[in-house]
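Number of protein chains: 2
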Amino acid sequence: MNIANATPIIDLLIHPEWIIPIEPAGITLTDHALAVHDGRIVGLLPYREALQRYQAREKIELPGQVLLPGLVNLHAHAGMTLLRGYADDLPLMTWLNEHIWPAEARHLSPDFVRTGTLLACAEMLRGGITTFNDMYFFPDAAAEAVQQSGMRAVLGLPVLEFPTRYAADADDYLSKGLAIRDTLSDNPLLSFCLAPHAPYTVSDRSFEKIAMLAAQLEIPIHLHLHETRHEITESIRQHGVRPIERLNKLGLLGPQLIAVHAVHLDAAEIDLLGHHGCHIAHCPTSNLKLGSGITPLAAIHARGINFGLGTDSAASNNRLDLFQEMRQAALLAKGSSEDAAALNAHAMLAAATLNGARALGLDGQIGSLRPGKAADLCAVRLDDWLLQPCFDPASHLVYAAGREHVTHTWIAGKLQHKESIPIHIDVSQLLTGIRMWHTRLTALPVT
Amino acid sequence: MNIANATPIIDLLIHPEWIIPIEPAGITLTDHALAVHDGRIVGLLPYREALQRYQAREKIELPGQVLLPGLVNLHAHAGMTLLRGYADDLPLMTWLNEHIWPAEARHLSPDFVRTGTLLACAEMLRGGITTFNDMYFFPDAAAEAVQQSGMRAVLGLPVLEFPTRYAADADDYLSKGLAIRDTLSDNPLLSFCLAPHAPYTVSDRSFEKIAMLAAQLEIPIHLHLHETRHEITESIRQHGVRPIERLNKLGLLGPQLIAVHAVHLDAAEIDLLGHHGCHIAHCPTSNLKLGSGITPLAAIHARGINFGLGTDSAASNNRLDLFQEMRQAALLAKGSSEDAAALNAHAMLAAATLNGARALGLDGQIGSLRPGKAADLCAVRLDDWLLQPCFDPASHLVYAAGREHVTHTWIAGKLQHKESIPIHIDVSQLLTGIRMWHTRLTALPVT
Chain A
1 MNIANATPII DLLIHPEWII PIEPAGITLT DHALAVHDGR IVGLLPYREA
51 LQRYQAREKI ELPGQVLLPG LVNLHAHAGM TLLRGYADDL PLMTWLNEHI
101 WPAEARHLSP DFVRTGTLLA CAEMLRGGIT TFNDMYFFPD AAAEAVQQSG
151 MRAVLGLPVL EFPTRYAADA DDYLSKGLAI RDTLSDNPLL SFCLAPHAPY
201 TVSDRSFEKI AMLAAQLEIP IHLHLHETRH EITESIRQHG VRPIERLNKL
251 GLLGPQLIAV HAVHLDAAEI DLLGHHGCHI AHCPTSNLKL GSGITPLAAI
301 HARGINFGLG TDSAASNNRL DLFQEMRQAA LLAKGSSEDA AALNAHAMLA
351 AATLNGARAL GLDGQIGSLR PGKAADLCAV RLDDWLLQPC FDPASHLVYA
401 AGREHVTHTW IAGKLQHKES IPIHIDVSQL LTGIRMWHTR LTALPVT
Chain B
1 MNIANATPII DLLIHPEWII PIEPAGITLT DHALAVHDGR IVGLLPYREA
51 LQRYQAREKI ELPGQVLLPG LVNLHAHAGM TLLRGYADDL PLMTWLNEHI
101 WPAEARHLSP DFVRTGTLLA CAEMLRGGIT TFNDMYFFPD AAAEAVQQSG
151 MRAVLGLPVL EFPTRYAADA DDYLSKGLAI RDTLSDNPLL SFCLAPHAPY
201 TVSDRSFEKI AMLAAQLEIP IHLHLHETRH EITESIRQHG VRPIERLNKL
251 GLLGPQLIAV HAVHLDAAEI DLLGHHGCHI AHCPTSNLKL GSGITPLAAI
301 HARGINFGLG TDSAASNNRL DLFQEMRQAA LLAKGSSEDA AALNAHAMLA
351 AATLNGARAL GLDGQIGSLR PGKAADLCAV RLDDWLLQPC FDPASHLVYA
401 AGREHVTHTW IAGKLQHKES IPIHIDVSQL LTGIRMWHTR LTALPVT
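One line per chain: the protein sequences are A and B, in this order.
If you're matching positions, the first sequence starts at 1 in this note's numbering and goes up one per residue.
If you're matching positions, the second sequence starts at 1 in this note's numbering and goes up one per residue.
Next up, chain A with everything else stripped away, as it sits in the complex:
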């Protein structure tokens, strides 16, 4: 019997110093390797065993590095990346009414969205993000950029009552979105969600329609919710109840709902979201920067609500960096609850990977290094002298390292970023596009 003939040939074997698989939770493996074939993880096993079991076409040695699942950005407006730092340090309503919305009213176009999304994809890949959940206009233009970049994305089909350069009214938004979904349905890296903008921009009738569609199509609903006190006060004034109660009556609460922000929650609302199995997209940097407030994350976690992390847009952050959000979420939860043990490093790594995937209904495909899942991965260098000494790689990823230490990003087994270079994005061409938009955005002052 020839043993060698029985040794399967695989595409790739990765042998880093450490592997954090996320499942099982809370562990860090050493002397292990990850086997990848045909875009999927086929084995996570001791390195010596892997050498015996597989013949790998490519073998990557990563001493001093940690391998983990690619990060999942649970809330983005990728197209807005052209507005990075466009108007900072301003009160929220001034920022929106006098800067962001007028700029969008003047400049929004498929090319604006394509260029902004491509920049967002390049930035996210460089920081180990492999999947993002988007909410913006012209999702078809966003899809072009996403497909070029090689990323995985959940494209929100936006719904608002008021007209923009993209659509005229809620029905128009919906029909445009559903048509885009039909056109792009055969791309394995793209999926879709319904993205009603917020309780204050969407009517009861539209919400009911969206709830029905989400159930029919079995796709998530991606919604800004309880971001500011103003939103809540206005809902009470207009609808007699707080937004969450209104949504509950309209049948929107359930495991298909991704509530973005959820900054201002009372105990009963935390319980209600928990009871219905809703997910939260926590965006700590954006919530702080816009002066929205501090999310009660320790209480949300204690209630067992699933939460992931989002960057929000580059106009309110100003980086699309989940390393920053992991650190910020952990620090803020500890500081605001005055409990240093609240939300540890492994909990944050899970939030930025598996929990985000779960909110999107993609946890069967991505979010952990379980064999059978897609090989969406990132490798992070912890051997930079700046990070020494290192006692615990998980803790180092959250509190000491940064996205600048990410060296490789793979999606479905394909390397899409290495050492600051996105593989399928022509950066100099992208920069030409950004310069053009920068000139337009500064040459026409918004009045």
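Quick caveat, the hints were computed from the structure, so don't treat them as lab data.
In this text, all values refer to a predicted model and were calculated from it rather than measured experimentally.
Backbone N, C-alpha and C define an ideal beta-carbon position, used for all residues, glycine too.
Be aware that a few hints might be false.
[Unchecked claim] Computed beta-carbon distance windows for the label pairs:
| no. | chain 1 | residue 1 | chain 2 | residue 2 | range |
| --- | --- | --- | --- | --- | --- |
| 1 | A | D182 | B | D339 | 44 to 50 Å |
| 2 | B | E61 | A | G274 | 55 to 61 Å |
| 3 | B | R440 | A | H230 | 52 to 58 Å |
| 4 | A | I27 | B | D111 | 32 to 38 Å |
Place chain B on chain A using the hints.
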């Protein structure tokens, strides 16, 4: 008349894309250059004028970069950098009693402090920090590392009532500290402060002595103050009053006092600190990570209290990174006060430079790009594609860029760091020392 003969020869002319001089406040210059001679800034002027006015021995062109004063880290325990991430996600008292203090009791030595401080200096230089205010044991060992690195430092002379491997009792700490100060008094880059550890570790008698000494020697007092609720409760139990009131009675409040942390302050205490002209060293990451709480920075700023930014130690942060602290301080002030306009980018840049210098009594020498001051500078690359587009360099420094974008750090006109390489620190030798300590720290589990 020969005009050329009248053109002064200077050491260095730097011509970046932008200059943020901090004084005058809130401005960003373009088409300007900074002239440096004999370690000092001799001119800040339009570039064309500079070319006519000076003959520079060296000219550095920095397109796409911003030049600003070197950053001032107003609170550090540099020697503790060997304990980076040594014990994370633990309640404060568990962290101190079961991990940090036992590790120090076992390992503290001049070599521990020298190695840790050298690592801290390397890390700080790489992130644009030119001056730090230290508080740790064996300041003479710290001074050796500081002198090797080329940094500027204010060395705290620590005072506690209880014995450590460094000293036996408060009088011993004081006499050791003063002797060290005498020995090192002729180094132009070193100065000193008295560093009573905290209200709960220093007696009334020692505080009175320290107040007297600070007045005699005209040096600052560097003290942890109102860091946790526990500290305040214990003070009320033992002394009948909150720590600030106790210090007020002991004559400690005044412009020589740098109150580190100052997390828990009521309105009367903010007013009292303001009335006495005390300074605050705000350490937002550490305060959050240890679960201490959230400093009322917007109220402190509104009262006109001078505050700088500190990293605290790498055991509670876990990076010595003032870019992170600028962003964190701005975000946290906005989020906790629910005011997006609180503490803007220029205010943060001033906190991290001139205001820190002012707290240390060094604002006549460093902290802004005023001619006559020492040429303590850093240059930051904003032309990384990751940071595009850029509408406002000041805002970009605080919200988008990171220490990874710092390319040059000068102290007293000497380049001490360029492109991630500290000029006077042998990194491979340093790594050997760190590995040795890592082995000791992990081989002898603290019981």
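Violations among the numbered hints: none
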